[in-house]
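Got chain A; can you put chain B on it based on the hints?
Residue numbers (the working numbering), protein chains in the order written: chain A, 15 to 275; chain B, 33 to 279.
There's no promise every hint is true.
Stated by the list, open to error - Negatives, chain B to chain A, calculated, CB over 10 Å:
#1 GLY108
#2 ALA127
#3 GLY131
#4 GLN140
#5 GLN160
#6 GLY227
#7 GLY255
#8 LYS258
As the list claims (entries may be wrong) - Cut-off 20 Å, straight-line C-alpha distance, at most; resulting in silico cross-link-like pairs (SDA-like, lysine to any residue):
#9 A/LYS113 / B/ASN238
#10 A/LYS237 / A/LEU148
#11 A/LYS273 / B/ASN238
#12 B/LYS53 / A/ARG266
#13 A/LYS206 / A/TYR77
#14 A/LYS273 / B/ARG71
#15 A/LYS113 / B/ALA121
#16 B/LYS53 / A/CYS272
#17 B/LYS53 / A/LYS206
#18 A/LYS273 / B/ARG111
#19 A/LYS237 / A/THR118
#20 A/LYS273 / A/MET109
#21 A/LYS113 / B/ASP204
#22 A/LYS237 / A/VAL140
#23 B/LYS53 / A/LEU148
#24 B/LYS53 / A/MET109
#25 A/LYS273 / B/ALA121
#26 A/LYS273 / B/ARG56
#27 A/LYS273 / A/MET181
#28 B/LYS53 / A/TYR77
#29 A/LYS273 / B/LYS258
#30 A/LYS113 / B/ARG133
#31 B/LYS258 / B/PRO268
#32 A/LYS273 / B/GLY108
#33 A/LYS273 / B/LYS53
#34 A/LYS273 / B/ARG133
#35 A/LYS113 / B/ARG71
#36 B/LYS258 / B/ASN238
#37 A/LYS273 / B/PRO268
To be verified - Covered, in the sense of this in silico footprint (three residues per stretch, anywhere, with C-beta under 8 Å from a C-beta of chain A), are these stretches of chain B:
#38 109–123
#39 147–153
Derived by calculation from the structure, the hints in this document are not laboratory data. The beta carbon of each residue, even a glycine, is placed where N, CA and C say it ideally should be.
Okay, here's what each chain looks like letter by letter:
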Amino acid sequence: MLRLAQELVSHRHLIAAQVRAELQSSTVNYRLGLLWWVLNPLLLMAIYYFLVRGVFGRGGQNYHVFLLAGLIPWQWFTFAIGASVRALERNRDLMLQAKFPLFTLVLVPCLTNLFFALIGLAVVLVFAGHWPDLHLLGLVPIALVQLMITLGVGCLLAVVSAYLPDMERLTDFGLRALFYLSPVLYEVAMIKSWGKLPSRLIDLWQLNPLVFLLESYRGLLIKQVWPDWGALAIWTLVGAALLQLGLVVLRRQEHQLCKLI
Amino acid sequence: MSQLKPQARPVVIQCQGVGLKFRRRRRSLLATGAAPPVRDFWALRDISLEIREGELVGIVGRNGAGKSSLALLLTGIYRADEGRIQVNARVSRLALGIGFRMDLTGRQNIFINGAYLGFSRRQIIRRQQEIIDFAQLQDFIDEPLNHFSDGMRARLAFAIATCIEPEVLVLDESFNTGDEGFRARSRQRVLEIAGQAKAVVMISHNLVNLQDLCPRVIWLESGRLKMDAPAEEVLPRYRQFCLEHAA
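Here chain B stands alone, though its shape is the one from the complex:
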């Protein structure tokens, strides 16, 4: 990562007053019960933030606060309904098991998932041994996914997903898979990719993790940006807030 002062580094992601609106489907004609009061639902509203090269930013918020929506906005899967997002880098979200098909073998699924990550067949062939080794599935790789245990599937998914070489990496608390040994290696691997990325956005409920990794933390509450400050300021207040609202 660059050695410049944080303020001097180029901006990779810039959001200005961003909002994301969901529209409820009309109810079935015979539906009973109360109709939802409004059809439009703003999952995110008025979000303004800037992420510069070299930053490791954590995002916290309670369930439904809009964390995942924000991640999908940054990766370009959702488009903002208001405001402006400018993204100056290739943003990838670490997504596990894209397009996995249970009836096909582990090896075949490497090709399917790899294709969704934008790899050509030849690129996957070059990487497949590395994937199989990392997932430790040498004996099972030509068995259909049906015969895998959940942990094995997760390991395979993880090994494929971490083949990406993102410029900006969005982590959506997905690297707690497999057994203890695998978890340690997977953490190592995520940190490796993160180290190569220009910037990392990490969404997590694991505050200890965030405290260790992210100097800056953004706190979302009900789709709005509640705080955007150094981790040691945000995390204690967020923890307090969660405790107060737990009842």
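Just chain A, same shape as in the assembly:
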């Protein structure tokens, strides 16, 4: 991680330029341009709201806010992971043209999608209908944990997919399964009080970091309650460990990966 900090500083211009390019490229072709940054989460909310409330007749009051608060961090995670697993393959030419830490290829999509997520969270806040208060600060450690986990997993997947291209497909399906295994469309409390699941299964389910993360986002944004500090501490350690592992693996393989891809 120390080396990570060094690399971040020494390559800050490169990273900034790449994120800027991604953001520019996300709007440049569209007449509505920047508006899409806000329209994206709104339209997303509309579709799922219609589906869950209209078609299935589920969800309660303010379901749209509840839903969006889960969907936004979920999308950050899934887009960043999806981009990471393809990062090397897509940037093949780049890797042979210039010398730069491959880590940036995983970092850039993650930061870009973080930017979109921040806009989305702001939209949630508007719809939540109360004045922002200190609880907003709680978003910082939560997002940081998500960032570390996403980057760590992203690095590992990037390396594995270089050796085993099938990983791209597997990841797509894995993410789809994870979507339903994460409390995006439903509440954590719902699972816990359902009564049909053995408690061991619920414990197992809670190993999914998104259970904790999404619950915390919603708590902070909607109900204005603080996250479970004990769990936050544990997940911070897990995130740091994952990130470190991912970085080490990626760095060890860096020179081999250039030849493999």
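Showing chain B alone in chain A's frame:
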């Protein structure tokens, strides 16, 4: 360049028994046809050479002889699988259009490409007018790259790539771009950077070019170093070899 005798000048690049190995991917389970006989493939093997300050070294070899692999080794993108490489200077390879994005404008791409060359935003802002002028793209620079012709893209790529100030320059036969007028200017520009560099390694199929520019030529064949001698010794024999093996 220094006025010392060649042997007395400091070594900038030293390779000792360098080899570079590629490993083939395992085949798909349902693949048909013959499996490749070996999984390991040595692109370079047993390469020993020394490049001193002030040298202009040409590299020749047929397709697949390992020229580009050697260039990537020298720039540190590949790492040798055996042997030792010692590089005592900043080696840069002239690479065109790094990270170009077709949907963004010429100007935006200057910043992207420049960032990969290690320039900060401020450094690029300082250079951008010079780049645009050299590429002669004043009217088009704020159009997306999609709307550029191939030649215009190549000119922009070249103008950015030659902003580097390398200590050792590796040229991978990339400066034959654009129309006739641009080609002459680009040649001039490459020679300018080369003149400022401590040493230049030039990979080319253009033997006339090499004959003019490089006193010393290295000949690679099947990943091995076949000859390393003055150009007037290597080039005729290489030409002969190519003719014999053309059939």
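Going through the hints against the structure:
Annotated as non-interface, B/GLY108 brings its C-beta within 10 Å of a C-beta of chain A; the closest such distance is 6 Å. Distance check for B/ALA127 against chain A: the nearest CB is about 4 Å away, which does not clear 10 Å, and the non-interface claim fails. The Cβ of B/GLY131 does not lie farther than 10 Å from every Cβ of chain A; its closest approach is about 6 Å, which violates its non-interface assignment. The claim that B/GLN140 lies off the interface is violated: its Cβ sits roughly 6 Å from the closest Cβ of chain A, which falls inside the 10 Å cut-off.
Distance check for B/GLN160 against chain A: the nearest CB is about 13 Å away, which clears 10 Å, and the non-interface claim stands. Look at B/GLY227: its CB is around 24 Å from the nearest CB on chain A, clear of 10 Å, so calling it non-interface holds up. For B/GLY255, the condition that its CB be more than 10 Å from all CB atoms of chain A holds, with the nearest at approximately 14 Å. Residue placement check: B/LYS258 keeps its beta carbon more than 10 Å from all beta carbons of chain A (closest about 23 Å).
At roughly 27 Å between alpha-carbon atoms, A/LYS113 and B/ASN238 are farther apart than 20 Å, so this suggested pair is violated. Restraint check: the Cα-Cα separation between A/LYS237 and A/LEU148 comes to about 13 Å, which is no more than 20 Å; the hinted pair holds. Pair hint A/LYS273 plus B/ASN238 does not hold up; C-alpha atoms about 27 Å apart against a cutoff of 20 Å. Between the alpha carbons of B/LYS53 and A/ARG266 the distance comes to roughly 17 Å, so the proposed pair stays at or under 20 Å and holds.
With a C-alpha separation of about 19 Å, the suggested pairing of A/LYS206 with A/TYR77 holds against the 20 Å cut-off. A distance of roughly 14 Å separates the Cα atoms of A/LYS273 and B/ARG71; the hinted pair therefore holds under the 20 Å criterion. For the proposed pair A/LYS113 and B/ALA121, the alpha carbon gap of about 15 Å is at most 20 Å, so the pair holds. For the given pair, B/LYS53 sits about 12 Å from A/CYS272 by alpha-carbon distance, which is consistent with the 20 Å threshold.
Straight-line distance between C-alpha atoms of B/LYS53 and A/LYS206 comes to about 54 Å, which puts the hinted pair past the 20 Å bound. For the suggested pair A/LYS273 and B/ARG111, the alpha carbons sit about 9 Å apart, so the restraint of at most 20 Å is met. For the hint pairing A/LYS237 with A/THR118, the CA-to-CA distance comes to about 36 Å; that exceeds 20 Å, so the pair is violated. The suggested pairing of A/LYS273 with A/MET109 holds, with an alpha-carbon distance near 10 Å, which does not exceed 20 Å.
Simply put, A/LYS113 and B/ASP204 have alpha-carbon atoms about 16 Å apart, close enough for the 20 Å limit, and the pair holds. Proximity of A/LYS237 to A/VAL140 is assessed by CA-CA distance (about 14 Å); at most 20 Å being required, the pair is judged to hold. The straight-line distance between the Cα atoms of B/LYS53 and A/LEU148 is roughly 57 Å, outside the 20 Å bound, and the hint therefore fails. Restraint check for B/LYS53 and A/MET109: the C-alpha separation of about 17 Å stays at or below 20 Å, so the hint holds.
Proximity of A/LYS273 to B/ALA121 is assessed by CA-CA distance (about 24 Å); at most 20 Å being required, the pair is judged violated. Straight-line distance between C-alpha atoms of A/LYS273 and B/ARG56 comes to about 10 Å, which keeps the hinted pair within the 20 Å bound. A C-alpha spacing of about 18 Å is found between A/LYS273 and A/MET181, which places the hinted pair at or below 20 Å, so the restraint holds. At roughly 57 Å between alpha-carbon atoms, B/LYS53 and A/TYR77 are farther apart than 20 Å, so this suggested pair is violated.
For a cut-off of 20 Å, the pair hint linking A/LYS273 to B/LYS258 is broken: about 24 Å separates their Cα positions. With a C-alpha separation of about 18 Å, the suggested pairing of A/LYS113 with B/ARG133 holds against the 20 Å cut-off. For the proposed pair B/LYS258 and B/PRO268, the alpha carbon gap of about 14 Å is at most 20 Å, so the pair holds. Note on A/LYS273 and B/GLY108: the hinted pairing holds, with a Cα-Cα distance of about 12 Å set against a maximum of 20 Å.
A threshold of 20 Å between alpha carbons decides the hint, and for A/LYS273 with B/LYS53 the separation of about 9 Å falls inside it, so the pair holds. Among the hinted pairs, A/LYS273 with B/ARG133 is inconsistent with the structure: their alpha-carbon atoms are about 24 Å apart, more than 20 Å. Using a Cα cut-off of 20 Å, the hinted pair A/LYS113 and B/ARG71 is violated, with the two alpha carbons roughly 27 Å apart. Under the criterion of a C-alpha separation no larger than 20 Å, the hint pairing B/LYS258 with B/ASN238 is consistent with the structure, at around 19 Å.
Between A/LYS273 and B/PRO268 the CA atoms are separated by roughly 33 Å; this puts the pair beyond 20 Å, and the hint is violated. Check on the region 109–123 of chain B: 3 of its residues sit with their Cβ under 8 Å from a Cβ of chain A, so the three-residue criterion for coverage holds. Counting residues of the region 147–153 of chain B whose beta-carbon sits less than 8 Å from any beta-carbon of chain A gives 7, enough to reach three: the coverage restraint holds.
Against the hints set out earlier in the document, violations occur for numbers 1, 2, 3, 4, 9, 11, 17, 19, 23, 25, 28, 29, 34, 35, 37.
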